[in-house]
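**Student:** For reference, the chains in residue letters:
Number of protein chains: 4
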Amino acid sequence: MSSKKVISGKEVAVHNNRESCWIIVHGKVYDVTDFLDDHPGGSKIILKYAGKDATQEYEPIHPPDAITTHLAPEKCLGSVEPDTALKIEVKVSDLEKQRLERVARRPPLSEVLNLHDFEAIAKLVMPEKAWAYYSSAADDEITNRENHTAYHRVWFRPRIMIDVTKVDWSTKILGHHTSMPIYITATALGKLGHPDGELNFTRAAANHNIIQMIPTLASCSFDELVDAAQPGQVQFLQLYVNTNRDVTKRIVQHAERRGIKGLFITVDAPQLGRREKDMRQKFEADDPSEVKNAGESDSVDRSQGAARAISSFIDPGLQWSDIPWFKKITKMPLILKGVQRWEDALKAYDLGLTGVVLSNHGGRQLDFAPSGLEVLVEVVEQLGKKRGLKFPNEKFQLFVDGGVRRATDVIKAVALGATAVGIGRPFLYAHSAYGQEGVEHGLQILQDEFQMNLRLIGANTIKDISRDMVDASGLGSHVVSVPGDRLYDSNYESMQHAQLRELKAKL
Amino acid sequence: MSSKKVISGKEVAVHNNRESCWIIVHGKVYDVTDFLDDHPGGSKIILKYAGKDATQEYEPIHPPDAITTHLAPEKCLGSVEPDTALKIEVKVSDLEKQRLERVARRPPLSEVLNLHDFEAIAKLVMPEKAWAYYSSAADDEITNRENHTAYHRVWFRPRIMIDVTKVDWSTKILGHHTSMPIYITATALGKLGHPDGELNFTRAAANHNIIQMIPTLASCSFDELVDAAQPGQVQFLQLYVNTNRDVTKRIVQHAERRGIKGLFITVDAPQLGRREKDMRQKFEADDPSEVKNAGESDSVDRSQGAARAISSFIDPGLQWSDIPWFKKITKMPLILKGVQRWEDALKAYDLGLTGVVLSNHGGRQLDFAPSGLEVLVEVVEQLGKKRGLKFPNEKFQLFVDGGVRRATDVIKAVALGATAVGIGRPFLYAHSAYGQEGVEHGLQILQDEFQMNLRLIGANTIKDISRDMVDASGLGSHVVSVPGDRLYDSNYESMQHAQLRELKAKL
Amino acid sequence: MSSKKVISGKEVAVHNNRESCWIIVHGKVYDVTDFLDDHPGGSKIILKYAGKDATQEYEPIHPPDAITTHLAPEKCLGSVEPDTALKIEVKVSDLEKQRLERVARRPPLSEVLNLHDFEAIAKLVMPEKAWAYYSSAADDEITNRENHTAYHRVWFRPRIMIDVTKVDWSTKILGHHTSMPIYITATALGKLGHPDGELNFTRAAANHNIIQMIPTLASCSFDELVDAAQPGQVQFLQLYVNTNRDVTKRIVQHAERRGIKGLFITVDAPQLGRREKDMRQKFEADDPSEVKNAGESDSVDRSQGAARAISSFIDPGLQWSDIPWFKKITKMPLILKGVQRWEDALKAYDLGLTGVVLSNHGGRQLDFAPSGLEVLVEVVEQLGKKRGLKFPNEKFQLFVDGGVRRATDVIKAVALGATAVGIGRPFLYAHSAYGQEGVEHGLQILQDEFQMNLRLIGANTIKDISRDMVDASGLGSHVVSVPGDRLYDSNYESMQHAQLRELKAKL
Amino acid sequence: MSSKKVISGKEVAVHNNRESCWIIVHGKVYDVTDFLDDHPGGSKIILKYAGKDATQEYEPIHPPDAITTHLAPEKCLGSVEPDTALKIEVKVSDLEKQRLERVARRPPLSEVLNLHDFEAIAKLVMPEKAWAYYSSAADDEITNRENHTAYHRVWFRPRIMIDVTKVDWSTKILGHHTSMPIYITATALGKLGHPDGELNFTRAAANHNIIQMIPTLASCSFDELVDAAQPGQVQFLQLYVNTNRDVTKRIVQHAERRGIKGLFITVDAPQLGRREKDMRQKFEADDPSEVKNAGESDSVDRSQGAARAISSFIDPGLQWSDIPWFKKITKMPLILKGVQRWEDALKAYDLGLTGVVLSNHGGRQLDFAPSGLEVLVEVVEQLGKKRGLKFPNEKFQLFVDGGVRRATDVIKAVALGATAVGIGRPFLYAHSAYGQEGVEHGLQILQDEFQMNLRLIGANTIKDISRDMVDASGLGSHVVSVPGDRLYDSNYESMQHAQLRELKAKL
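Residue numbers (the UniProt record's numbering), protein chains in the order written: chain H, 1 to 507; chain W, 1 to 507; chain P, 1 to 507; chain E, 1 to 507.
Hints are not guaranteed to be accurate.
Copies of the same chain look alike in the list, so a pair counts if it fits in one copy or across any two.
[To be verified] Heads up, simulated BS3-like pairs for lysine-lysine below, C-alpha to C-alpha not over 27 Å straight-line:
(1) 44 with 249
(2) 28 with 390
(3) 249 with 166
(4) 385 with 5
(5) 91 with 463
(6) 123 with 277
(7) 282 with 48
(8) 191 with 347
No lab work stands behind these hints: they were computed from the structure.
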């Protein structure tokens with residue numbers, strides 16, 4: 001068959017099982033029978049659409065070219081005859097109706113006063129699936145929350161009586177100007193939250209002179225996002241390294257040709273993390289009729305999960321000896337994203353890389369991995385001792401990401417030696433709730449906070465933010481309280497304030 | 001037009017827009033068209049009263065002379081014809097009625113046992129706007145609460161078997177007698193909480209022989225507050241330095257002439273902080289009809305906010321080199337209010353100032369600024385090391401403010417080297433709930449607590465409170481717990497006490 | 001008039017005011033007009049019974065001889081004519097009826113498994129006034145709870161493979177045998193909780209071979225409590241020192257004559273603490289008709305409070321130079337109760353006293369006084385360094401009290417150097433809920449716990465409990481967490497466990 | 001009478017009291033009159049079944065041979081005549097019906113994502129008695145929870161850029177292969193949770209190549225559990241040492257003959273702990289008609305408890321000098337289970353034992369005993385210093401148990417020097433909720449987690465897990481917060497997020 005052939009929906013509908021599985025995406029008919037076991041998301045979800053139109057499900061979680069990239073051309077069997085495709089009837093559930101009502105009741109952006117607010121609104125207005133995917137993290141989500149908590153263990157030592165009439169919080173990242181020491185870091189599947197996907201970030205970043213890091217797993221295609229950039233707008237690329245290095249080479253060299261200014265190689269995800277909140281949501285979303293009986297084992301799904309882990313998509317074999325190859329295939333600055341101990345930062349420096357992102361993947365990979373902020377302190381100390389480096393450093397730049405919600409968080413990281421800080425989830429929530437405009441409002445909030453707080457710590461520019469402006473002596477302490485004495489505590493009767501007359505009469 | 005002219009309300013009503021904006025205050029008609037963009041509180045609130053009588057809104061948040069100070073004389077167009085002024089009809093809302101009922105049910109002062117109680121009552125009986133303004137602080141309000149929390153990290157080491165039949169907790173501040181080592185510190189907009197405004201503090205301070213620090217942003221005029229003082233009553237002045245130094249010079253020299261005994265120059269507010277709780281309340285109070293559509297950007301308000309930040313009202317350019325000028329224009333003792341690190345306290349000492357207030361503006365400016373109490377310890381240690389000073393010190397006095405609720409808090413600060421402690425919000429709450437009498441009751445509670453606790457730590461006078469009477473070894477630790485294990489914790493079933501028979505039968 | 005005179009209730013009723021105030025107690029008529037201002041509990045409560053029979057109110061909070069001790073003989077005017085006395089009609093309130101129902105539903109003692117349980121039951125079944133008096137503590141009750149909390153910062157280092165077939169937890173206190181290293185410490189006003197008052201402790205102590213410390217402020221008279229002792233039963237006396245040393249001398253020498261084996265002089269209460277929970281309860285119990293108008297000042301009550309503070313009842317002038325006098329008037333071992341720093345323990349040792357109780361009066365005096373357990377560590381360390389003492393020490397014995405609920409708490413204190421531990425509130429709660437039998441059950445629980453835990457730490461006797469059996473390295477840390485990030489925390493969505501089918505269907 | 005005699009239920013029913021007490025178990029009639037006071041569970045429970053068939057109560061908490069082991073052969077009086085035995089009619093209570101409904105609604109195993117989930121389900125679906133027995137721990141259950149909490153004070157220092165395509169988490173315990181560095185540790189009374197009892201563990205362990213430690217107090221008989229093992233399947237034995245060493249010798253030598261590969265002698269339980277949650281449940285389960293009157297003392301039960309403590313069942317006299325005897329009677333490797341300080345681990349090493357389990361019996365014995373994880377660190381440090389040992393060590397193996405819920409917990413213990421980790425309660429909950437299949441699912445979860453997390457910390461095998469991969473610097477800190485300031489805290493008004501329109505309208 002040729003891809004120009006027109007096929008009736010009725011014919012497609014026959015191929016609705018594991019033995020012969022056709023699906024329709026964007027009007028084309030594909031034979032995915034052989035691909036079922038290679039699908040990173042598992043075969044189950046494809047089989048649900050076997051013989052049917054899967055476009056609506058496919059759209060938000062794949063870039064448009066995903067299917068043609070992964071399937072041989074001959075697997076495209078042709079076009080479906082218009083209006084004949086079998087669709088899964090999606091009834092708008094009561095829960096969905098309630099959600100849409102909440103969308104209509106979003107407060108105006110002027111009432112969104114800080115980045116926390118976006119998350120509060122987004123939790124209420126975005127599809128549950130998107131919320132589960134964006135907000136989930138590994139295991140007990142300790143590291144996920146620690147990322148934010150770590151900032152609360154660092155305090156300021158502000159200077160006074162400095163002329164702060166003029167303050168300027170712009171700086172440079174890898175030599176490129178940015179209006180703030182932050183960048184929009186790579187996060188996957190942007191269309192889950194908003195139909196425009198990562199384009200919202202591209203456009204908002206342009207308007208605020210901020211750098212966007214394009215994710216490998218974007219919902220939009222790489223070229224769409226580059227095409228949407230303004231002239232001169234700087235973009236980086238986050239890279240998952242494929243087992244097939246040719247695929248990776250093609251991606252990297254294409255990116256360089258398209259003008260990408262920095263390559264951030266993810267090194268903290270040899271296997272994609274299990275995120276139980278996300279998994280839990282999937283069970284709940286399952287069609288109840290498919291639910292297995294209690295006690296039935298799930299050996300198939302399990303092995304499927306294991307299969308995914310060694311899929312070619314992310315190479316668990318990526319190692320230090322691969323670095324020279326990367327230097328050979330591209331002139332872009334190379335940065336490792338996901339460094340979690342000073343020894344590895346030192347190795348990266350010694351291998352001539354341009355920098356490292358001290359990151360734990362937003363707490364989505366290894367639980368109890370330390371926060372980037374805490375690693376930052378040890379990296380600065382040890383690379384100072386062992387290589388005489390001072391930070392922030394133009395030749396070897398340190399970045400951190402995870403848990404940032406305030407300009408003061410960023411200022412703390414800068415004081416401790418970071419060049420800039422990556423922010424991810426807050427912008428995901430902003431665009432899920434308000435689209436591009438939400439992202440811009442979020443950036444404006446940060447601008448306002450930077451102006452305010454630079455003045456208040458007594459710094460005129462980013463360079464004036466010095467190490468002695470913070471007290472990070474408590475940063476390394478990981479306090480977990482001794483379990484409480486429940487019997488004693490429940491006996492203790494809290495003190496009461498003086499009360500209004502009437503309240504007392506009620507007693 | 002002359003200011004003696006009588007103008008009908010009808011005529012005033014015509015000038016109700018940005019192009020021509022007249023308002024009525026205290027029976028006078030003012031043309032504020034050109035002033036709109038200079039108003040520290042923004043143009044929006046003035047425009048709401050354009051063409052109308054704004055007295056009721058103006059009153060609690062401006063001293064009576066504010067308008068004549070800021071407007072050229074010719075902007076006063078005359079008097080409004082009696083009973084013709086257009087007023088905004090303020091309907092007493094249900095919420096307001098409920099509040100007034102709560103006012104009627106305030107418990108008698110005898111039931112107010114501590115300073116915490118005032119806050120509990122005030123929260124219920126004061127206008128929401130006042131509560132939001134007084135209670136709010138910067139960003140996540142961490143520093144605001146840390147100010148109080150810090151006192152809980154200092155413990156006593158009491159002495160016994162001292163003859164404490166007679167105890168005397170009076171002392172001197174800048175050479176002036178005070179019945180307790182505290183003063184009423186400067187807080188703005190007193191009339192928001194009580195119609196008598198800061199006069200409540202002046203009168204209560206007189207009756208208890210306490211020093212009041214008059215705020216630049218008082219609701220009452222400076223002269224009113226000085227006029228209300230008893231003969232010999234000591235008052236200080238808190239100063240925001242104006243970009244126009246002539247304005248500042250006039251204020252300072254006037255204060256000196258009126259007998260002010262100390263000038264406390266605020267140095268922790270080059271820009272007034274964003275207090276989100278206060279901002280949130282304003283949105284809620286907004287006329288619903290004016291609310292923008294969801295998603296609409298608010299660039300106007302933002303830029304307005306930025307304009308305010310560089311208004312002439314508070315000069316962000318104030319710097320160390322300004323100090324000699326202050327010494328030239330006044331003989332009053334000069335104290336910097338808002339010092340937050342020992343290096344700056346040392347600089348103040350070396351420049352010959354009389355003291356510093358270790359303060360973070362009640363947590364209303366930079367979040368994560370350290371508590372005054374913690375800075376006190378480093379200042380005493382470093383100025384001891386570097387300049388051989390011992391504290392409390394008559395020549396260079398240290399004050400702290402923020403978070404104080406108990407006489408024991410004050411005693412801790414004194415033991416650590418402070419001359420005295422400023423108390424602000426508790427008295428605001430006391431006067432909001434009970435007026436002058438509330439403030440006096442609050443002062444009496446402190447007197448009782450001082451008597452009790454001086455005896456209990458084994459000190460006869462303030463001078464007997466020695467450094468070894470406190471253990472401040474934990475003061476510097478900033479503990480933030482590792483995030484909890486929610487799955488484990490929710491599985492844990494609390495132990496239960498033995499239960500009454502009936503309760504068990506219900507199970 | 002002679003005390004033998006019979007007076008009609010009608011005549012008594014006339015003397016019902018401040019100018020002439022008679023009251024009836026236990027059938028006798030007393031003229032208390034001149035005594036009104038000297039009454040430690042204030043004049044108000046007496047005036048409530050002016051002209052009436054006050055026995056019921058008097059009984060639980062005074063020893064029977066209190067009135068004859070404090071009044072000159074001629075103030076007893078005679079006996080009241082039977083059945084004519086005016087009584088305050090006490091209606092059994094609904095709340096009281098509910099309480100009595102709860103009393104009937106007390107669980108059997110066999111269900112009371114630990115000392116915590118007594119408190120849980122007592123809180124429900126005892127009169128609110130008693131609960132407020134017993135449970136209240138100073139200021140914010142931080143020290144009160146810290147007393148218990150401190151034990152939770154000490155951990156065991158148990159030894160194994162010790163033959164613990166036989167374990168013996170008896171020991172000696174001041175040379176006297178006791179079945180456990182605890183004693184029942186002095187607590188006031190036992191009849192508030194149970195009509196037999198402190199007799200419950202005397203009798204229970206006898207049955208368990210435990211030492212009772214008789215309080216100065218017992219509801220029972222001293223002689224009653226001594227008379228109730230079994231032959232050979234050891235009792236101590238807690239002493240408040242009177243301004244009139246003759247009164248004190250009389251009490252001390254009488255006690256010695258009656259066989260008291262140790263005199264515990266209270267040194268942490270130069271003035272009785274303000275306990276706000278107790279004060280709060282009193283307001284609530286007040287007759288509503290007497291309540292003042294909101295805002296009315298209470299200068300009279302306040303000054304009355306101050307008057308009490310300098311009453312002769314407890315001498316705030318007690319000092320180190322008084323010690324020789326005590327040694328002159330008695331041969332009983334002298335122990336200071338309420339030592340709170342090692343310097344004072346050292347002084348007590350150097351003055352030849354027999355020991356000290358490291359105590360903060362159950363947290364009822366100075367808030368933020370350290371726990372006895374923590375002071376114990378510094379005392380052992382410093383007296384070891386400076387005087388070469390080892391603890392537990394027979395010549396100079398250390399005791400602690402406050403916060404003990406488990407035998408493991410006691411074992412910790414013993415390991416750290418204490419001879420024994422005083423327990424107060426738990427026995428108050430036990431006797432309030434179950435009388436003498438409750439106290440005995442509480443003692444039996446401790447016996448069981450001692451047997452168990454001695455075995456489990458690997459000690460055969462109290463002497464085998466060595467310093468290395470505990471890890472007290474965290475005892476000195478006073479952690480107060482940095483205030484939480486409320487916006488972040490409320491956004492965080494807790495992880496959920498797998499759920500039962502039905503529960504999910506409800507979503 | 002001979003044991004072959006047939007006895008009518010009617011005749012048995014006559015012997016229904018303390019003087020003559022017969023019971024029926026599995027169709028046999030036993031005279032237990034003389035045994036009443038020796039029954040480890042007390043006489044009360046037997047007397048409840050005096051003259052009746054006790055099989056149903058007996059079954060889940062005794063191995064089948066318990067009764068013949070403990071009674072002389074002549075006490076078996078014969079068989080009961082079929083269908084004549086008097087049974088206690090057990091009505092299915094409403095609570096039980098509700099429980100059975102919950103059992104029917106268990107989620108499928110595929111929704112159980114982690115070991116926590118089993119506990120959540122088991123709490124809902126297992127009999128209350130079983131839950132109380134399994135979940136309870138000593139005193140205030142501080143150590144019980146600390147066991148888990150301790151793991152949260154250890155953080156990872158993951159390595160990146162390691163080729164982790166292949167990861168292998170199998171290892172050896174006492175020389176025997178295991179698919180993971182864990183074993184199923186001994187827990188008592190498995191039939192309380194599931195009718196198959198410990199057989200579930202035997203079978204699941206076989207399928208996952210895991211070692212099971214058989215408990216002395218199994219519900220199944222030792223031989224049943226050994227018989228159920230697959231050829232080559234490795235089992236250990238946990239041993240309570242009997243006062244009668246002949247009994248112990250018989251058990252040990254029988255175990256060795258049956259192929260047991262390691263003998264774990266319990267040394268932390270010279271007396272079985274008081275577990276109040278379990279005791280509380282028993283009171284609640286009691287027949288209400290038997291409940292004593294409030295206040296009635298329980299001296300009988302108490303003394304019974306004491307009797308149990310010195311029963312022959314567990315010898316409190318076990319001591320170091322017994323070790324040579326054990327070495328004489330068996331060649332099995334000897335491991336002490338319940339070591340809680342390094343000094344005792346050193347002694348075990350010096351005596352030539354094969355290893356120690358650093359354990360506190362799941363927090364069921366001494367409260368405030370340290371977690372095994374914390375003891376592990378001191379043991380590794382001190383045995384390194386004093387004997388030059390490095391860990392993990394094949395000659396002297398260290399194990400820990402208690403509180404483990406995640407593979408990351410196990411990896412932490414291994415990094416700190418443990419050979420393997422024992423897991424108990426999670427498998428009890430898994431089998432209570434889902435039987436053998438549940439246990440296997442739990443093991444599979446761990447397998448998945450090991451694969452994931454080995455990759456994420458950058459280790460290919462268990463041997464690659466090095467000490468520098470964890471930061472345990474906070475492990476030794478036992479933080480208990482200073483009690484909170486309730487008045488201040490309740491005054492503080494939390495910040496609020498931006499809200500949906502409607503929500504605001506409701507205010």
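**Student:** Compare the structure with each hint and give your call.
**Tutor:** These are the hints, each one checked on the structure:
1. Taking the shortest alpha-carbon separations for residue 44 and residue 249, neither the intra-copy value of 31 Å nor the inter-copy value of 57 Å comes in at or below 27 Å.
2. For the identical chains of this complex, residue 28 and residue 390 are neighbours neither inside a copy (56 Å) nor across copies (64 Å), given an alpha-carbon limit of 27 Å.
3. For the homomeric pair residue 249 and residue 166, the shortest alpha-carbon distance between copies (24 Å) is at most 27 Å, but the shortest distance inside one copy (46 Å) is not.
4. For the homomeric pair residue 385 and residue 5, neither the shortest alpha-carbon distance inside one copy (68 Å) nor that between copies (78 Å) is at most 27 Å.
5. Taking the closest pair of Cα atoms, residue 91 and residue 463 never come within 27 Å of each other, the shortest separation being 56 Å inside a single copy and 54 Å across copies.
6. In this assembly of identical chains, the alpha carbons of residue 123 and residue 277 lie at most 27 Å apart whether taken from the same copy (14 Å) or from different copies (21 Å).
7. Only within a single protomer do residue 282 and residue 48 lie at most 27 Å apart by alpha-carbon distance; the minimum there is 14 Å, versus 51 Å between protomers.
8. In the homo-oligomer, the alpha carbons of residue 191 and residue 347 never lie at most 27 Å apart, since the shortest distance is 37 Å inside one protomer and 55 Å across protomers.
The structure is inconsistent with the numbered hints 1, 2, 4, 5 and 8, although it conforms to all the rest.
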